[in-house]
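Protein chains in written order, with our numbering: chain P, 1 to 405; chain A, 1 to 234.
All clues stand as given, with none of them false.
Distance ranges between label pairs, derived from CB positions:
(1) P:Ala352 - A:Cys125: 58 to 64 Å
(2) P:Arg391 - A:Gly73: 24 to 30 Å
(3) P:Arg10 - A:Glu3: 38 to 44 Å
(4) A:Arg117 - P:Arg351: 45 to 51 Å
(5) A:Ala195 - P:Arg391: 35 to 41 Å
(6) P:Arg391 - A:Thr61: 25 to 31 Å
(7) P:Arg10 - A:Gly137: 21 to 27 Å
(8) P:Trp388 - A:Asp76: 18 to 24 Å
Read the hints as simulated data drawn from the structure, not as lab findings.
Even for Gly, the Cβ is constructed at its ideal location relative to N, Cα and C.
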Amino acid sequence: MPFELFVALRFLREGRAQTALILAGTTVGVAVILFLSALISGLQATLIDQTLSSQAHVMLKRPEREVRLLQPPGPEAVVARVEKAPERERSIEQWQQVLAAVRQRDGVVAATPTAAGSAFASRGELVKSVALRGIEPESFDQVVKLSTKLTAGAFRVEGSEALLGVVLAHDLGVSVGDKVRLTTPQGRADVFTVAGLFDVGNRDVNQRWVLVSLRQAQTLLDLAGGITTVEVKASDVFGAEALAQELGALTGLTADSWMKLNQQLLSGLQAQSSSSIMIQTFVIIAVALGIASVLGVSVIQKSRAIGILKATGTTTSAVMRIFLIEGAIVGLVGSVLGAGIGAALATFFQRAVKNPYGDSLFPVALTPRLFLTASAVALVTGLLSAWWPARHAARLDPATVIRNG
Amino acid sequence: MAEPVLQLEGVVKDYGAAVRTRVLHGLDLTVRAGEFTALIGPSGSGKSTLLNLIGLLDRPTAGRVVLAGQDTGALDDDGLTGCRGRTVGFVFQFHHLLPEFSAIENVMIPMMAARGRSAPDMPECAGHLLGQVGLGGFLHRKVTLLSGGQQQRVAIARALAMAPRMVLADEPTGNLDTHSADEIFTLLRQFNVKAGTTFLVVTHDPRLAARCDRIVELVDGRIVSDRPNRREGP
Numbered sequence: 001m002p003f004e005l006f007v008a009l010r011f012l013r014e015g016r017a018q019t020a021l022i023l024a025g026t027t028v029g030v031a032v033i034l035f036l037s038a039l040i041s042g043l044q045a046t047l048i049d050q051t052l053s054s055q056a057h058v059m060l061k062r063p064e065r066e067v068r069l070l071q072p073p074g075p076e077a078v079v080a081r082v083e084k085a086p087e088r089e090r091s092i093e094q095w096q097q098v099l100a101a102v103r104q105r106d107g108v109v110a111a112t113p114t115a116a117g118s119a120f121a122s123r124g125e126l127v128k129s130v131a132l133r134g135i136e137p138e139s140f141d142q143v144v145k146l147s148t149k150l151t152a153g154a155f156r157v158e159g160s161e162a163l164l165g166v167v168l169a170h171d172l173g174v175s176v177g178d179k180v181r182l183t184t185p186q187g188r189a190d191v192f193t194v195a196g197l198f199d200v201g202n203r204d205v206n207q208r209w210v211l212v213s214l215r216q217a218q219t220l221l222d223l224a225g226g227i228t229t230v231e232v233k234a235s236d237v238f239g240a241e242a243l244a245q246e247l248g249a250l251t252g253l254t255a256d257s258w259m260k261l262n263q264q265l266l267s268g269l270q271a272q273s274s275s276s277i278m279i280q281t282f283v284i285i286a287v288a289l290g291i292a293s294v295l296g297v298s299v300i301q302k303s304r305a306i307g308i309l310k311a312t313g314t315t316t317s318a319v320m321r322i323f324l325i326e327g328a329i330v331g332l333v334g335s336v337l338g339a340g341i342g343a344a345l346a347t348f349f350q351r352a353v354k355n356p357y358g359d360s361l362f363p364v365a366l367t368p369r370l371f372l373t374a375s376a377v378a379l380v381t382g383l384l385s386a387w388w389p390a391r392h393a394a395r396l397d398p399a400t401v402i403r404n405g
Numbered sequence: 001m002a003e004p005v006l007q008l009e010g011v012v013k014d015y016g017a018a019v020r021t022r023v024l025h026g027l028d029l030t031v032r033a034g035e036f037t038a039l040i041g042p043s044g045s046g047k048s049t050l051l052n053l054i055g056l057l058d059r060p061t062a063g064r065v066v067l068a069g070q071d072t073g074a075l076d077d078d079g080l081t082g083c084r085g086r087t088v089g090f091v092f093q094f095h096h097l098l099p100e101f102s103a104i105e106n107v108m109i110p111m112m113a114a115r116g117r118s119a120p121d122m123p124e125c126a127g128h129l130l131g132q133v134g135l136g137g138f139l140h141r142k143v144t145l146l147s148g149g150q151q152q153r154v155a156i157a158r159a160l161a162m163a164p165r166m167v168l169a170d171e172p173t174g175n176l177d178t179h180s181a182d183e184i185f186t187l188l189r190q191f192n193v194k195a196g197t198t199f200l201v202v203t204h205d206p207r208l209a210a211r212c213d214r215i216v217e218l219v220d221g222r223i224v225s226d227r228p229n230r231r232e233g234p
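Just chain P, with the same shape it has in the complex (with noise of 0.2 Å):
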């Protein structure tokens, strides 16, 4: 063994009271750390989750046509009022090269085209607004996972079928198997069955979303053959402004991102996480003070131990590292009890508040990587903190502390 990990071992063994003080310390922080990290990543993946549930990533549309002024600027003012067109749901040209494009895409997972537009859904007299999209359904659920958020039937749009959103279905008082009118301001109308029920967690779209082969929405929208909208999946949740911006320049489309698309979340996300780690950055700040002055106070206890080892060959070096060690042990064994305390507070926390539909209200992510973080910062919290102290031992004069005892 060497010497300086057996000597810190044997201080450590010897001075209990204090070893128990700052290890205590270290793992109350980490478990704190671990805790808190948990519980806001946990949360923040549960809401985009739940955004992200109905929502593709990146929307690729066709730019709203600009209004021009039939009248060229001149030197007279003129009072003038634009007035924006009523505009038509309109495709994407070419569609089928641009969808080609974007899958080829760096970051692309998956892309789907999508016909959509503004319908309403009728059964006997009972007419609803609805959200009308049509969808070539196995590169949809490649984008949107509607498939796992079926509550009833089949995900299936062949022919006349549709999927509806619960609440639709409850409004419209039909189940699967139950015919549906869908009727278009273009004045086209067909008969759907509903071949499936979904609930992605959001009422508006459990409401108001009615899906249909992109065919048949084809025909009811007008649109003979073409699409209005590209939908994306992303590799990177988190780098999906970038790959919209990226993309927009690409096909010359108006690119949104969800990022774009819900900005309130954003900056509330931001928020959390700004909170955060502020909180454990106080909290490592606290665990280093805590570190750093019983250790403080042991190096002064053992002022005579370091001259006696100096006197007889420790170099200043070796004694350095003997404190050096003893921090980074403290910090070492605080990561592994503080991870286990702090695991297993998340996973009560998990497991025991609930909300009445039995989903946990706090739910958590325990991954490796925050394991390994939080291990990383004691280590190196227990290090720093040892500094000082192991700088202010090296530096003891053996004469002296020999002299005065």
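Once you've looked at the hints, dock chain A against the given chain P.
Below, chain A without anything else, positioned relative to chain P:
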């Protein structure tokens, strides 16, 4: 004539920055291999200061300290520590053992410090030394559980752990009763005779000084007498 283990040439030591106090005034001293020298003098005469300089725990203000042929003036702190570890063993008045460790571990500390790690031969070597000082039955006992005399024996074993050229003993019997003091002194003498280790012993006790080969007397930081001694006994 035996080779010199220690040579002091014009060694001066001053303390204080604002008000300088000269503790040692240009000392010249040569100690040869195998000698058993007593360093005597009244309190405040500079004995411990001189011992610290010889043991490389401190540096002189002026002059040269040559230990085992090496001029120590050019060495940095780690160089001094290395030279000290290889060349000098210390026995202090208050034993200065490490209370966290057992008897055998205290003896192994200088060996481990020199090699940077523990090695399988170290317990055997340390155990042998403790056996020689009569503590063969107390190898793994915490030093805090040993008597004063036993603790000083551990300190002697530790001083001899690196087979040093010279052992510096500062009042090694000053804290012991007469019987224990006699035993400890006899032990030091035995190592001197059997292993040829050089000893420089600071003592106030004229009885013990009389049992040394040579007596150097220090008064007010100056060597006032340096004479061979006809020993009364071992």
